[in-house]
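What follows is each chain in one-letter form.
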Amino acid sequence: MNIPIAQVNDYIFEIPKDFSKKMKVPARFYAHPSQINLLINDGTINQLFNVATLPGIVKFALAMPDMHQGYGFPIGGVAAFDYKDGVISPGGVGYDINCGIRLSTTNWKTEEVKRFLPEIITKLHNDIPIGAGKGSLIKTTKNEFERILTEGINWAVDEGYISKIEQEHIEDRGQLPVENLSKVSERAIERGSTEIGSLGSGNHFVEIGYIDKIYSVRIAEQLNLFENQVVVWVHTGSRGFGHQICADFVKEFQLATKKYGIELPERGLACVPFLSKEGQEYYHSMNSAANFAFVNRQLLSHKIEKTLNIFSKKIKPLKFNLLYDVAHNIAKLETHIIENRKRKLVVHRKGATRAFPSTMLQGRFASIGQPVLVPGSMGTASYLLIAKPQAMELAFGSCCHGAGRLLSRSQAKKNISGANLKKTLENKGIIIETKSISELAEESPDAYKDIHQVVNVVEALDIAQPVARTRPLGVIKG
Amino acid sequence: MFKEIEHTADLGIYIESCSLEGLFYDATIGMLQMTNIDFSKGNELITENIKIISFDYETLLIDWLNEIIYKLNNHLYLLNFKIKIDNLTLMNYCWFKKIPDIFCNIKSATYNNLNIISENRLYKCTLIFDM
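Protein sequence lines correspond, in order, to chains X and S. For the record, in the first sequence the residue sitting at position 82 is 82 according to the numbering used here, with numbers rising by one throughout. For the record, in the second sequence the residue sitting at position 32 is 32 according to the numbering used here, with numbers rising by one throughout.
Incorrect hints may appear among the rest.
As the list claims (entries may be wrong) - Just the calculated beta-carbon pair ranges, DEER-fashion:
{"no.": "1", "chain 1": "S", "residue 1": "Lys124", "chain 2": "X", "residue 2": "Glu112", "range": "57 to 63 Å"}
{"no.": "2", "chain 1": "X", "residue 1": "Asp10", "chain 2": "S", "residue 2": "Asn115", "range": "36 to 42 Å"}
{"no.": "3", "chain 1": "X", "residue 1": "Ser163", "chain 2": "S", "residue 2": "Asn115", "range": "49 to 55 Å"}
{"no.": "4", "chain 1": "S", "residue 1": "Gly22", "chain 2": "X", "residue 2": "Glu168", "range": "41 to 47 Å"}
Said to hold, decoys possible - Some chain S residues well away from chain X (every beta-carbon gap over 10 Å; in silico):
{"no.": "5", "residue": "Glu16"}
{"no.": "6", "residue": "Leu45"}
{"no.": "7", "residue": "Ile50"}
{"no.": "8", "residue": "Asp86"}
{"no.": "9", "residue": "Tyr111"}
{"no.": "10", "residue": "Tyr123"}
Hints were generated in silico from the structure; no laboratory data involved. Don't be surprised by glycine CBs; every beta carbon is placed ideally from N, CA and C.
Can you build the whole structure from these sequences, using the hints too?
In structure tokens, the structure reads:
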């Protein structure tokens, strides 16, 4: 299909609604112009076009500058549906429900930590359950596990894994509404209860990094950030629990889509009306997986803090604080102003981060704006941004979630071996620990887009502003 | 036969075979090869009859592959299987090997553009796996 693309301004591109009768809204994407051919060739634009044909979609189908080909919806995609007339789609959320990232700060400086780093990374690698399948930091009873699914971080507060103050540093305080667990399958429960508190595999990681550049001294001071400060990134999600829920509902929706007379361009977009019985069942089951993921990241953080504390005697007493935790695979019920009218929308973010400006927030970040966490690849930089008001107008309060893949996994492996990549990174002073050296090459820095270019686009559009940049010292790859 | 196809984020394979059973067989072998799992470790063998009933062949294929991914997550590697498909019911006699420390990079088989077609006496489809 030859899709016409109109350039609205330097970084805004659009497929006009009148291109196809199937389109309910225009399809819009934010990108650096150098990326356009790549996005057309890998099918990203086609996938975005498909999203624009779904029932009840509002304003535009959208993709962020880190977008790339996914399954169903593109990665980096944002789509908002009217909660009464629109749909909810597991393909718009992804298998790893509430895959997300958190950034924690320490009071340690790079120069204090560097000589202990190999020991720290090895110890963390040994302490954290890594890889696919079973392995967890805690054992739970059925009742306790169900509390995690329904109460999310409130469970972690009760159990002493996090303080009430730090809970404010998690998107939606780490709890999404769950009315009941009746549609969560036994297999999902079985998988989840043996994987709670684990990193997983693929692009999941724990990174010890440091702040190498401050962009906004004022905001950095408000967030207690300083140059050469050691920080910790944790990237993971809802593990087999979320995958099972997604798989269960994608299957169910194959039939339900037909029942509701929804015509789909392809089966990966299976969806149902949000307010339908099936839609509500998925919404609440998905939220239980989101709660699982919030707790999963918290348990990992808690373990990391404990492990780092062992080194306190050698370095100095550790202060370990959560800066922020965000979901980047989720569908959420939110209120947005569309053409001067308040509307309740089901906002799907698949490989996109919520980015609410200060006016949309209460509590700790009401005077600053929401931190937006944008991790790069193993060998490059990552960014801490703060959401700006324009994010509401341009992106349903959303922003990019990372650098975005550039090369397929097989292409990345052809370019460099895992062993050579490990050596190259170590020569740059970055320590890598992984269970699978052969898979390491898939996550090579060359396999990702230029993170600086991605951040430049969202900054130029005034969606978010950079506050600090970090660089890796050591990475534990899932 | 199967061959890997390019996909930016995940993993894709194209499969074609002269029978539906062959398509399912090659899809399974293709997926397992893509996991790069070293199955020389471990020695305990387990056999199991797996029966899956579905409403179309695409869903039957997804269900079957996801079952094998689930087994991998339980440290069971599918060594061999006898496949039988009859009227949207799959009956496979399976030999699994228990491998203590499996590292599986594939998380799920997806419906992305999945459409099993039969033309010129060949069954064909493209599968995308979530990584």
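Here is what the structure says about each hint:
Hint check: Lys124(S) to Glu112(X), Cβ distance near 60 Å, so the stated range 57 to 63 Å holds. Between Asp10(X) and Asn115(S) the beta carbons are some 39 Å apart, a value that agrees with the proposed interval 36 to 42 Å. In this structure the supplied range 49 to 55 Å holds for Ser163(X) paired with Asn115(S), their Cβ-Cβ distance being about 52 Å. A C-beta distance of roughly 57 Å is found between Gly22(S) and Glu168(X), which places it outside the suggested range of 41 to 47 Å.
Every beta carbon of chain X lies more than 10 Å from that of Glu16(S), the smallest distance being close to 19 Å; the non-interface claim holds. With a least CB separation of 19 Å from chain X, Leu45(S) remains clear of the 10 Å interface cut-off, as annotated. Distance check for Ile50(S) against chain X: the nearest CB is about 14 Å away, which clears 10 Å, and the non-interface claim stands. Taking the minimum C-beta to C-beta distance to chain X, about 20 Å, the non-interface status of Asp86(S) holds against the 10 Å cut.
The Cβ of Tyr111(S) does not lie farther than 10 Å from every Cβ of chain X; its closest approach is about 4 Å, which violates its non-interface assignment. Consistency note on Tyr123(S): stated as away from chain X, and its beta-carbon is indeed over 10 Å from all of that chain's, at 17 Å minimum.
In this structure, the hints that do not hold are numbers 4, 9, in rising order.
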